[in-house]
Amino acid sequence: MPETTTVVHDEQTRSAVLLRTQKRENNRALCALLYAQMLILSALSLLSTASTSACLSLLLALLPGAALYALAALCAKKHQKPPRPLALCYALLFFSDMALCLMTLTELVCAYVLPHHARLLVMLAAAAGTGLMLSGRQMGGARRAAAFLTGFFLFALLICLIIALPECSVSHAFPLLGYGAGQTLRGALQMTGSLWLLGALPFFTQDQPSPPLRRRRPYLLPLMTILLMAFLLFFYACLLPAPLLPGKWGFVLQLQLIMEMSPSILSWSLMLISRMLLFLAGFATAGDMTGECLHMYLPGKKTPALLLTLLSVPLALLPPDKISPFLPLRFLCCTLVVIIALFLRKKDISA
Amino acid sequence: MPLTVPAPSALTDDFAANTLLIDNAMHVPLCEDAVKRPFQIGGKQAALYFIDGMIDNERIAHYVLSPCQQARFEAVTAENLMQTLLPVGSVAHTQQLSQVLQRIYSGDAAILCEGVSGAVICDIKGYAKRSVTKPQNENVVEGPQEGFTETLRDNIVLLRRIMRTPQLISRAVMLGKCIETRASVLYLDGVAEEKTVEEVLRRLSGCNVDYISSLGMLSQLIEDDPMSLLPQTILTERPDRAASFLLSGQVLIALDNAPQMLCVPINALHLFHAPDDSALRWQYGTFLRFLRLAGVLCALLVPALFVALTTHHTEGIPLSLLTSVQEAQSRMPIGIFPSTLLMLLIFSLINEACTRVPSVMGGSLGVVSALILGQAAVQADIVNPQLIVMVALSGLGSFVVPDYPATIALRILQLLLVIAGAWAGYFGVVLLLFLLLLHALSRRSLRVPLFAPIAPRRTDNPDLIARYPVWRQRLRGYIANPASMLRARGRMRGWEE
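Chains as they are written, first to last, in my numbering: chain G, 1 to 351; chain A, 1001 to 1497.
Next comes chain G alone, as it looks inside the complex (with noise of 0.2 Å):
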């Protein structure tokens, strides 16, 4: 008679399959608020700017991303704690990403949901809602609820893509493609440093390793990078806003770009309802890792979650085409982030 076999049976499997878990859901959360930043900031034409120049695009993303990521990983190898300066960085990218994510739904909403109404009033509105939903002892519910919607983000973007594809021009399907795959590659490897400068965040805020379930295979990591680039890539591709679109493609267009194209009432509102949920997803998991962030440069110290949400607001009523050139203070920030890490590191060796 087999025996029924099951993963959890002890204390210790137990524990491993929860960090697990958690890693798991802390990844696609931070996927989910990668997606967002990139379609503000091509909206926004910065990744333009990045996608135009190799040495800008290497510098000031990949880099930082990759040597942050290895340093983060080592740490946690080592089983050292994390420096706490470098929580303090984190948690200021975290910030602008909150401020980002809202200045783009209230942009949205006051667009397309509620035209009549102030920005300001949108703004607190979503904040407030926000703050007082997280608020609360345990953290992480926000990244949870990301996490849990990435199988909705993604189905609402294959339906809008099997509804308007057919009803666009290759060039709107296929914005950046046009410029050349050297651009696009640029463009990539520019969304993959940002990835990494998010991967490496739960090794910081992890209190414990995660003691391994099963052996290790050593070609799955690089194998699985490969194909997050391939993912990214495609996506970059086919959805994100062309850079040099004529002047009428303001900031809101340019992230409804291929549902404008299409006639479909129903994909539209499903890209847009999507769009929304994936600000404020992105919003409410910035606002989250903020909080950890900060509760890790304090220990002992929980910052409120709707105190932090409503700070974002006076950041987030910058408008649109005035933020562009504040937004290299951003890969500034993870550049320092980078440094201060290296040298506790080397502090640390030496010591």
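Quick caveat, the hints were computed from the structure, so don't treat them as lab data.
Don't be surprised by glycine CBs; every beta carbon is placed ideally from N, CA and C.
All clues given are correct.
What follows is a set of in silico ranges between Cβ atoms, one per label pair, in the way DEER data are often shown:
hint, chain 1, residue 1, chain 2, residue 2, range
1, G, 13, A, 1177, 40 to 48 Å
2, A, 1321, G, 226, 46 to 54 Å
3, A, 1095, G, 13, 45 to 53 Å
4, A, 1389, G, 235, 38 to 46 Å
5, A, 1227, G, 234, 39 to 47 Å
6, A, 1322, G, 155, 24 to 32 Å
7, G, 121, A, 1313, 17 to 25 Å
8, A, 1194, G, 152, 37 to 45 Å
9, A, 1471, G, 155, 31 to 39 Å
10, A, 1469, G, 264, 38 to 46 Å
11, G, 118, A, 1227, 27 to 35 Å
12, G, 300, A, 1227, 21 to 29 Å
Once you have looked at the hints, place chain A on chain G.
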């Protein structure tokens, strides 16, 4: 005089001092039902204290007073009384005044005797109590028809009749700082996690209130987030359901004077499970669960989407329906949004009235309110007839939820969603739903995520949304002790080749 915590004080071997202490504490003879019965044991002065009506008069005469008055002892001691004199099942000796008083007011009798240090307590309870009847709020078609009563001991016995195992542990806890109420924490040893039990006991011991009147009150004192709209505990009045919770590794709290038991921790899907789901074939159970889910979605979304569509997205309604809605609406004095809010509130009002009126009148009130009032409102052009259909549908949907607190939460959410729909159309509804999801996924029940088997993913009994076949439910809930996670080894239909 305000309620105060009784000062701890000990009884000595001085009979006069002891009786004076208890007389003062029980307000004898001021309090008419606090009885002091003086008598003699072997020529020594003694006194019996009890509360009139809470003890069995026949048993006290036969098993306490009669043997004591006929006893011939050289030296009366507590051991003599307990071991040779009193033919009562449960006797105890204590010197703590607070314990003596607590036992007397629980229906026991206390004997004080000259030369005996402290008091001897005899369990001769005999107060009036309700017999076991059908559960009032958790009706089933198949399955047992017994429900808990207000007596703690009877409730534990009902549970023990189902769970005939020494692994069922019942740990006594006294709750309330001034007026104590007996409670029990029940769990299956080895199946429930030790840390869960310890956490329950820690929270119970930290309840710093003068008196706990009900399990609902207790629930608010021990749950993780009392400010949340979502229930984080489940009350059940069925012993079979309580037993199934125990088998899943959950912990039950029973309280004296409460005809239910409180289950912690829970996951949100438990709120939508009916007690007889597992008694039915899995196909039927699955069908009913999906029906329930559809009911919940109806209750939440139908009024909100009706308002959103008719107010903001008229292009989304079929033309014939839109025409009839607009045509009817043109005669109405108030708009669709305020009339929807009004109808939902009236529906809740009718429901609350039907719950509170005597059961004989309840049915008639429902018919009068729903049919006559609704018909009259439509004929008088006060509300849209389509709206009545929508509100009735959502009302029916809210009734399919087996958990009463969850039904109320559903009604409040319904109102919020209608407001969001009126404000921003279906985009508003979706955004509010996301915020609610955010809220729900951030909540915990006794430190366990409320939506745990789904978000975050956990290895769990697959009987969550669909009713999984019984012979494939190999795992207990993720809340259970990992060592006891497996319910059975090998095939559950072991007779099959």
